[in-house]
Structure formats: C-alpha cells, structure tokens
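With chain C's structure known, arrange chain X on it following the hints.
Taken in sequence, the protein lines are chains C and X. Under this note's numbering, the first residue of the first sequence carries the number 109, and numbering increases by one thereafter. Under this note's numbering, the first residue of the second sequence carries the number 109, and numbering increases by one thereafter.
You may find that some hints are simply not true.
Intra- or inter-copy, both count: the list cannot distinguish identical chains.
Mimicking DSS-like on lysine-lysine, the simulated pairs with C-alpha atoms at most 25 angstroms apart in a straight line are [unchecked claim]:
#1 459 to 521
#2 311 to 412
#3 415 to 319
#4 485 to 466
#5 466 to 521
Hint data in this document are derived by calculation from the structure and do not stem from the laboratory.
So the chains spell out like this:
2 protein chains.
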Amino acid sequence: MNTRKTAKKRNFSDVESETITRKNVGGGWVEAQNSKGECGLVPEDYIQAGTAACPDAYRHESTNNTNTQVANGNNPWSPGGGYPSEPAGGWNTQGHPQTQHNAGEEDDDGEWDEEWDDSRSTGGDGDTPVDEDGGATGHNLHSHRKRTLSKFPFSKTPNPELYLLAKLPPKGKDRLPIYIADVGPVWLYPESPLDCVVADPKKGSKLYGLKSYIEYQVTPNTTSRPVNHRYKHFDWLYERLLEKFGSAVPIPSLPDKQVTGRFEEEFIKMRMERLQGWMCRMCRHPVISRSEVFQLFLTYNDEKEWKTGKRKAEKDECVGPLIFSTIDPEAPELDSVEVEQRCELFSKFTKSMDDGVKDLLNVGNIHWKRCTGPLPKEYQKIGKAFQNLSSVFNTSGYQGETTLTDALTAAGKTYEEIAQIVAEQPKKDLHFLMETNQEYKGLLGSFHDTVAGHKAAIDKVKEADKMMLAGKITTQDKVTMGKRTSIMSYSLQAEMNHFHSNRIYDYNRVMQHYLEEQIRFYETIADKLKLALSQFTTL
Amino acid sequence: MNTRKTAKKRNFSDVESETITRKNVGGGWVEAQNSKGECGLVPEDYIQAGTAACPDAYRHESTNNTNTQVANGNNPWSPGGGYPSEPAGGWNTQGHPQTQHNAGEEDDDGEWDEEWDDSRSTGGDGDTPVDEDGGATGHNLHSHRKRTLSKFPFSKTPNPELYLLAKLPPKGKDRLPIYIADVGPVWLYPESPLDCVVADPKKGSKLYGLKSYIEYQVTPNTTSRPVNHRYKHFDWLYERLLEKFGSAVPIPSLPDKQVTGRFEEEFIKMRMERLQGWMCRMCRHPVISRSEVFQLFLTYNDEKEWKTGKRKAEKDECVGPLIFSTIDPEAPELDSVEVEQRCELFSKFTKSMDDGVKDLLNVGNIHWKRCTGPLPKEYQKIGKAFQNLSSVFNTSGYQGETTLTDALTAAGKTYEEIAQIVAEQPKKDLHFLMETNQEYKGLLGSFHDTVAGHKAAIDKVKEADKMMLAGKITTQDKVTMGKRTSIMSYSLQAEMNHFHSNRIYDYNRVMQHYLEEQIRFYETIADKLKLALSQFTTL
Numbered sequence: 109m110n111t112r113k114t115a116k117k118r119n120f121s122d123v124e125s126e127t128i129t130r131k132n133v134g135g136g137w138v139e140a141q142n143s144k145g146e147c148g149l150v151p152e153d154y155i156q157a158g159t160a161a162c163p164d165a166y167r168h169e170s171t172n173n174t175n176t177q178v179a180n181g182n183n184p185w186s187p188g189g190g191y192p193s194e195p196a197g198g199w200n201t202q203g204h205p206q207t208q209h210n211a212g213e214e215d216d217d218g219e220w221d222e223e224w225d226d227s228r229s230t231g232g233d234g235d236t237p238v239d240e241d242g243g244a245t246g247h248n249l250h251s252h253r254k255r256t257l258s259k260f261p262f263s264k265t266p267n268p269e270l271y272l273l274a275k276l277p278p279k280g281k282d283r284l285p286i287y288i289a290d291v292g293p294v295w296l297y298p299e300s301p302l303d304c305v306v307a308d309p310k311k312g313s314k315l316y317g318l319k320s321y322i323e324y325q326v327t328p329n330t331t332s333r334p335v336n337h338r339y340k341h342f343d344w345l346y347e348r349l350l351e352k353f354g355s356a357v358p359i360p361s362l363p364d365k366q367v368t369g370r371f372e373e374e375f376i377k378m379r380m381e382r383l384q385g386w387m388c389r390m391c392r393h394p395v396i397s398r399s400e401v402f403q404l405f406l407t408y409n410d411e412k413e414w415k416t417g418k419r420k421a422e423k424d425e426c427v428g429p430l431i432f433s434t435i436d437p438e439a440p441e442l443d444s445v446e447v448e449q450r451c452e453l454f455s456k457f458t459k460s461m462d463d464g465v466k467d468l469l470n471v472g473n474i475h476w477k478r479c480t481g482p483l484p485k486e487y488q489k490i491g492k493a494f495q496n497l498s499s500v501f502n503t504s505g506y507q508g509e510t511t512l513t514d515a516l517t518a519a520g521k522t523y524e525e526i527a528q529i530v531a532e533q534p535k536k537d538l539h540f541l542m543e544t545n546q547e548y549k550g551l552l553g554s555f556h557d558t559v560a561g562h563k564a565a566i567d568k569v570k571e572a573d574k575m576m577l578a579g580k581i582t583t584q585d586k587v588t589m590g591k592r593t594s595i596m597s598y599s600l601q602a603e604m605n606h607f608h609s610n611r612i613y614d615y616n617r618v619m620q621h622y623l624e625e626q627i628r629f630y631e632t633i634a635d636k637l638k639l640a641l642s643q644f645t646t647l
Numbered sequence: 109m110n111t112r113k114t115a116k117k118r119n120f121s122d123v124e125s126e127t128i129t130r131k132n133v134g135g136g137w138v139e140a141q142n143s144k145g146e147c148g149l150v151p152e153d154y155i156q157a158g159t160a161a162c163p164d165a166y167r168h169e170s171t172n173n174t175n176t177q178v179a180n181g182n183n184p185w186s187p188g189g190g191y192p193s194e195p196a197g198g199w200n201t202q203g204h205p206q207t208q209h210n211a212g213e214e215d216d217d218g219e220w221d222e223e224w225d226d227s228r229s230t231g232g233d234g235d236t237p238v239d240e241d242g243g244a245t246g247h248n249l250h251s252h253r254k255r256t257l258s259k260f261p262f263s264k265t266p267n268p269e270l271y272l273l274a275k276l277p278p279k280g281k282d283r284l285p286i287y288i289a290d291v292g293p294v295w296l297y298p299e300s301p302l303d304c305v306v307a308d309p310k311k312g313s314k315l316y317g318l319k320s321y322i323e324y325q326v327t328p329n330t331t332s333r334p335v336n337h338r339y340k341h342f343d344w345l346y347e348r349l350l351e352k353f354g355s356a357v358p359i360p361s362l363p364d365k366q367v368t369g370r371f372e373e374e375f376i377k378m379r380m381e382r383l384q385g386w387m388c389r390m391c392r393h394p395v396i397s398r399s400e401v402f403q404l405f406l407t408y409n410d411e412k413e414w415k416t417g418k419r420k421a422e423k424d425e426c427v428g429p430l431i432f433s434t435i436d437p438e439a440p441e442l443d444s445v446e447v448e449q450r451c452e453l454f455s456k457f458t459k460s461m462d463d464g465v466k467d468l469l470n471v472g473n474i475h476w477k478r479c480t481g482p483l484p485k486e487y488q489k490i491g492k493a494f495q496n497l498s499s500v501f502n503t504s505g506y507q508g509e510t511t512l513t514d515a516l517t518a519a520g521k522t523y524e525e526i527a528q529i530v531a532e533q534p535k536k537d538l539h540f541l542m543e544t545n546q547e548y549k550g551l552l553g554s555f556h557d558t559v560a561g562h563k564a565a566i567d568k569v570k571e572a573d574k575m576m577l578a579g580k581i582t583t584q585d586k587v588t589m590g591k592r593t594s595i596m597s598y599s600l601q602a603e604m605n606h607f608h609s610n611r612i613y614d615y616n617r618v619m620q621h622y623l624e625e626q627i628r629f630y631e632t633i634a635d636k637l638k639l640a641l642s643q644f645t646t647l
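The shape of chain C in the complex, shown without the other chains (with noise of 0.2 angstroms):
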C-alpha cells in the first residue's frame, strides 16, 4: 500500500521535478526553452523521456507558433468559427465509437482499406493471419473480425450479469491488485509513470502515391526509442482497449475522425495535439499503461512483432466484463449499500460536473469569437484613428508638431499591435481551457456504461434470493455473485479515485496555464502601452 501511495505521489507529481521554467499546460504539454533559448510548448511526456533538446518536438511548436495568426478571427481548429461546442474536428461525447465501423459506412477516411493495401504489401513474410486474409474485403471483413473475436456476448454494451456466474478461466499472472487508500479503493501505480510524445507527423504515400496518409512518431519515455503510427493504428488501439477494459476502465474516445481536410496543416496538428492528450492519459492509467496491448503499441521494434502482436491481442479471450477476473482487491468483500451510495453520489456528481464543464465550453466559445472577431477589429480601428489623426496633423503646417504626430503614430501601431495580441490569445490560453474541458466532457460519457455495468450487476444480485427460490441459482451461486460484484465495486471506486485525482490534477494545471497566460497577456499590453506613452510630452 505505501508503495502504491508513493508512485501515485510521483505519478502526479512528476512534472514538477521539472525545471522551474518548464510550465505546466493542459493536455500532456509543458512550456519549456530549447537550446537557442526559444519557448514553446513540449508534450510533457517528451520532456522525461529525457529528449527535451529534440529538434522535432520544437518543429512542432515551431508550426504551432507561425500558425498563431488569426487573420480573420476564426478559430481554425472549427469551419464554422469560433471554438464549436461539437467542434467538426472535437471530441466525440457520444460514447464509443467502435459502430463507426459498421458495414458499408465511411471510416477512417478509408484508412481501412489501406490498411489491406498495407498487409499486401508488407505481407510478404507469410504472417499475414488468417482472420485479416479470410476472403472478404475491407469494412464487412473488419465488422464482422470485430463481432467474432468477441467470446463473451456483452462487448459492446456492458452486460456484466453473465460475469457473475460464468465459469472462469483459470487465474493468469496480469493480475489487477487494487489497494485501500485514504481515499478508498486505489489501483496499483507504477513505481515510474509511463509517458509518450506523439510527434513529428509526416505524410507517407503508398500504390505509387495513389494513397496518403499521415504517420505520427510516437516516444515513449521508456524506451525513447519512436515507433510510427497512423491514425487508424491509434483507433485499432482505442478498440482494443475498448473491448478488453471497457468494462472497467471508462476508456476516453479518439479525436473524432474526419474526412475532408485531413492533410491540411492544422488539421493535422490538432489531430496530433489530441492525439497526444489521449496517449498520455491512458499512459497514466495505471491498468492501461502497464497493459500487453498498449506496450506493443508503444514498444513494437518492427514490423513483424507489431504484426504478430496485432494478432495475439485480436484473439485475447480475456475482453468484456471477463477482465474483472483478473482483479484482486486485497480487501473483504464490500458492503453493497454502501457502495450503492457512492455510485450514486458519483453519478450525481459527473451529471453535474457534465453540465458545468458544457457551460464552461459555451462560455468559452463565446468568448473565443469575440476575442478572435469584434474585439481586434476594434482594436485595430482605433489605431487606425490615431494614425489618421497623426496624418493630418502632420499637414498643419505648424512647427513642432513631430514630437505629437510620431508619437500618435505610434501609439495607433500599438493599438494595431494589440488587436493582433488580442486574437491570437485564445490559442495561447483559452485553447488549453477549452481542451481540457472537451476532454473531460468525453471521458464524462463513457464513465457512463462503466457506472451502468455495475449498477446492473447490483440490481442482478438483490434479485438472487428470488432467483435461488425459483431455483435457477445455488447458494454456492449467490456467494460467487457477491464476490463478483464485490470486485466490481471495487474496480469502480478505484477508477472514481483515479478520475478525481487526475481531474484535480488537471483543473489545477489547466486553470495555472490559463491564469498564466492571461497574466503574460495582460502584461505584454501594458509594457507595449508604457512604450507608445514614452512618446508623449507635455513639456
């Protein structure tokens, strides 16, 4: 237990043991300097990965910086301006996304189909598995891979009831252990928190440059060593995830997809922005980080262990509500009221906490348009009416009017100068704000079926006396069921707990940036005005 309090500690803590000029952002970004004494934005991963110098992290930044310009005030992340709600490129909050891949829909920008372009070409090494080759093509082959791997009919919808009086495999070594902490039930941390950066997208072409695509170099801090990724690799891992800890683990939607665009320049950085926030929050998951699945993702050394990999973790039988089998609390069973009672609390709670974060982002994104909008435009208007008036005072004729006329000059270039400060702030501040919110609307929904699982599992086991009196279960069968459920509880509460750190965490760091920024803002305003004021003269 002490030893899952300390790398808890460092867990979220870690950042901190930074340098002091490296500061904290939303999302899995820190602010710090390169070697020619530049700031910008660094995931915060990439930092104790221990590769802070690397040129690519700043080329990102680099394009973050000469992106800043907001020339007719929209928010470019949105088409429709300003910082949507359910922006066109957002975070989806409509739960999983795993029937996007149903028959005969659009996915992926057609990546799938590439991706069968991809085994061709690569398929070379006669590893190419069977269920990938099996005859059908693209979208109905993967649908239909998809509903088979399943062993357990409650993939998609968690239906734990079956859980609670199946027969089980025999236990593995990947246990789960879950601790009592102060603050209840708590998962295993690691000893060193894992991390990644997702940079560095480039475009690769495949069929003679008839495909593209964007390929993102993931490090993580483990190995430091990058590995190449698609989108769709991160969506296959996304599903992985899904299937096999989604029962337990409320796992975060990708950066939604999308179809027209996909190669332009912020696109492509907001998608990697995301996807960076994604990675980095399920690197901090302690059940998720430590997972098979997700290290290959991370650790592949080639082509061939990725591809077997792929394989092995599309066959795990150990997905749905099955991974509450490989959980051990290592405390009694619990008692179910009480239990009761904080699922209600929490679901109370993320309802709430759904409707601040959704006022925040309205909030947000009407501020986002004026400050990207009216309010430069205004700005600016005033500075062209000092330059005017500087203008045609200069043709006064009258002697000694310099000093006023380059002053009011001057001062009417500040006013321009703010007015540029003014609608490029949002991106510099607000965007994080936003970010985090819209991630946290996300991970609010899919806590949803997580919290439905369990309150299913509940309501099954009030209803075992009466279902041992009509004989349908044993007595034997009804100690199992609380078991069951027990370690369900348990599960639950450890991943409130994991939710209520991280989120206090992200609050805090998220609103520091955004006060920061806003204070630099303010700042840079008032030196820029103390400069255009030096001009003037009474005298």
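Showing chain X alone in chain C's frame:
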C-alpha cells in the same frame, strides 16, 4: 516678443511644475492625491489656485468615484446608452446657438424667466436697468434687448465688409497686440496664466421653493475667491464673448442645454465638467482672459458690481468686426496671396481634422458600448462558470479537493471583478479622450465663421479696383481696406497659431492620460490574476 514667448511657454507648461503625483488629464483636469492618500481628479486650475486640499474638489471627485458603477453598461451621460457622437447633453457643434433665444422658443429651461425673478427680488437697489425692465416680459424682451444692443448689424453672421470702410471710433486704451514669433503672428500671452475652478454645484430655490436652480462655484487663480454662477450666467458670458470677440476669436459653444433631468446628479456633474472645460479654454485665451467682461464674470465683488458690470458689457459698442479696430499688429502689412494660401491650408486642415475627430468619436463610441456592455457580461459569465465548476467539485466527496475549489472560486470572483473593472474603465480613460475630441469638434465648427469672415474681407479687397473705377470708393478707401484686411489676417493667423499650440498640448495631454489609465487598467488586471494564480497548485 521675448516676453510673449516666455509667457506662452509658461502658459503651456504650468501643470508640469506641479508635483509628480499629479498627472495631466484632458479638459482641465489633473490627477492629485489628497491628505488621506486618496487619488482623484481635480481641475488643474484648482491646484494652481493653491487650494489642492480643499475638500470640495474631492467631494466632486468622490461623487465621480461613487458613480462609476455601470449597472447595465450604459454611458450615464447619454440617455440612449453608449457614447453618442451627438450626445443629448453633449457639445453643440452647430455653430453659435444664440438663435436659440428667439422669441417663443423654450430657452435654458426657463432660466431667463427666473432671471427676471432675480431682478425683482433683488432689485430693491434701484439700479435695475431700463433696458431690462422695459415693460415686456420673458423671452420677448430678452430677444428684443439683445437685438437692439448690437450697434453693428453683423453680430450674428460675421460680415466684416462694413468694417473695412467704417468710420472707426478713436483708439481706446484696450489694445490687442499681435507679435511675430517663429510660428508667425501670435497674440500677446499673459505673464501668468489665468485659470479657474468650476466646482461645488449647489441647488438653490426661489419663490418659496417654486423655482429651483443649480449654482456653481467659480474660483479664479488670481483672487482665489469663489463667485457663484448659474448656467444662464455662463450663457450670458458666452453671448457677450461671441458678440464682442466672435468675429476674430472663434468662441466654442457652451455645453448643451437640457430640458429634462437637469437636476439629476450625473447631469449636473457632466455639465460642471464641461463648463470647467469651457472656462479653462477661455482662461487660456490671451484675448478673452484679459477682457473686462470675462474678468467681471470671475471677480465681481457683490451683486451690485455684477449688475453694473453686466449692464456695461451689454452696452459695449466695440462688438462684432469692430474688434479688429482694437488689434495692433506690430508688423507691416501682410501679403494677401500668402495669407490666402495659409487660410486655404488651414481650412483644409480643419476639414480633415474634423473628419479625423469624428472618426475617432465613432470608433470610441462603439468601443465604449462594447466595454460597458457585452464584454464585462462575458467576463462575468466566465467568472460564474469557474465558480459553478468549483461548487460541483465540492460535491465530489473526494478528499483533498479544497485547495482546488477555493482557488477556482477565487479565480471566478477575480473574473467577476475584472468584469467590473472593464465596465468602469471607459469612464476613466475613454471618457476624457471623447470629451477632448467632442470639444475639438466644437472648436473646429466655430472656426468656420471666423475663416469665412476673413475670406469675405479678402474678396472685398480684390474688388477694390473695380469699386474705385465705379466711383464707389476712393483710393484712400482702398488703402484703408488693405490695411484693415491685413489686421484681420494677423488676427486670424494668431488664432490659428493659438489653436495649433493648444491642440498639440491638448492631444499630448489627453493621450498621456488615456495611455496611463490604460496601463493602470491592464496592470490592475494582471495583478488580480496573479493573486488568483497563486492559489492553484499541482504539487
């Protein structure tokens, strides 16, 4: 000439000789600190009068401060909200408003009626002038009186033609010298500049409370002894100055009359501020400030002296273009072609400046509305959203949440404070920028007639040869016309130079004040945000 230059220099730099804590503001205001360490605006004349600790000035300012709460974001100076280009209680830029006193029109809230009450209630001194008591009553008599008072028929629209050939009265002792400085012809500026404070508005009543009025205390720096004046007295002064000096010196209009709400605190404060601005500008004018009628207004000792002086001023025969007969340029006759070019340049300049000023007023008006309307509402909403999230977090039941929720609440309150600061800011800076530009809009308007009168004289001189051939004038007449037109040209150029030097000083001063307040605004917000930031922690 040396004398003038020294005097002039002193005239435009006197405020700087005050302590550093006193900052120049537009419209005759200075920022100063009282004995309690409170900062506030006081009329600069006030400080020069050596009575900076007088509680009245601060009473005035403290009224200002307590009124800075903008409940609904409206500019309280204008009923329609925002800062209107033509505010209801704003500057009259339609030229000379003396026609407002025509028979049958409501004038000055009926205050001239009260004047008659004044005369009768205090008229026991037997000194009541015949022309004020001649059988008619109210407006009719007043209008009549005014018309018959003007001995020359060009008192309204400047028509200097008659002056060019008029038989002038013998030169009196009140001469108006003009010198040639580096910038060209200039008036003789006084050794020590005249200034005054308009303060301490008090409600008075007559006829057993049936009639009430507001009386302002006017304190010149020369005597430091206050005299009381009602708006109608300022208006009387304005009319006298217009009548006497209007052909040579553009007299800016008084702040507009207002029929409704003239006893409301905000209106009184605004009118006082603008009367102060008008008086300050009159005090600064070397011709106006030393005139008998202006000195009477500032320094009369008792009611009797005031009445006698009034009657004398109204009977003054040296009015209209005759004022030019009192002007003594020290230099030889001017080249009319060069003068015409200068006047053309000045006309173009005033036109362009009028456009520039109107542009700035429009932009400022829009900005005023945004800063007092939608913008603070948004900051308020951001503040509420943070506090709302804090309340939600408080219900989590998770321990160790207090630091975050306290910090979020504090950040939320900070944004609510920022909302207030943003809403109040325009009154602290934009207001003075707007007032100065409104004043200049009026000044530029009042220059039009002066320039037109001069142009009419020049045109007349051009016709001189034709008139001579037609036997309408003699050769001597032609010489006289040329000399007198040259005097008018000197006068106009002295006025142009007076205008330019004032303009340069005024715009430097108001821009300094605007930028200083803007800097304070941004720094105040940054400081508040720093406090808010300090409460967040990711340790």
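Results for each hint:
Taking identical chains as interchangeable, the C-alpha atoms of residue 459 and residue 521 lie at most 25 angstroms apart only when they sit on different chains, with a minimum of 24 angstroms there against 48 angstroms within one chain. Taking identical chains as interchangeable, the C-alpha atoms of residue 311 and residue 412 lie at most 25 angstroms apart only when both belong to the same chain, with a minimum of 22 angstroms there against 95 angstroms between chains. In the homo-oligomer, the alpha carbons of residue 415 and residue 319 lie at most 25 angstroms apart inside one protomer (21 angstroms), although the nearest pairing across protomers, at 98 angstroms, exceeds that limit. Only between protomers do residue 485 and residue 466 lie at most 25 angstroms apart by alpha-carbon distance; the minimum there is 18 angstroms, versus 28 angstroms within a single protomer.
Proximity of residue 466 and residue 521 under a CA criterion of 25 angstroms is satisfied inter-copy only: 20 angstroms between copies versus 38 angstroms inside one chain copy.
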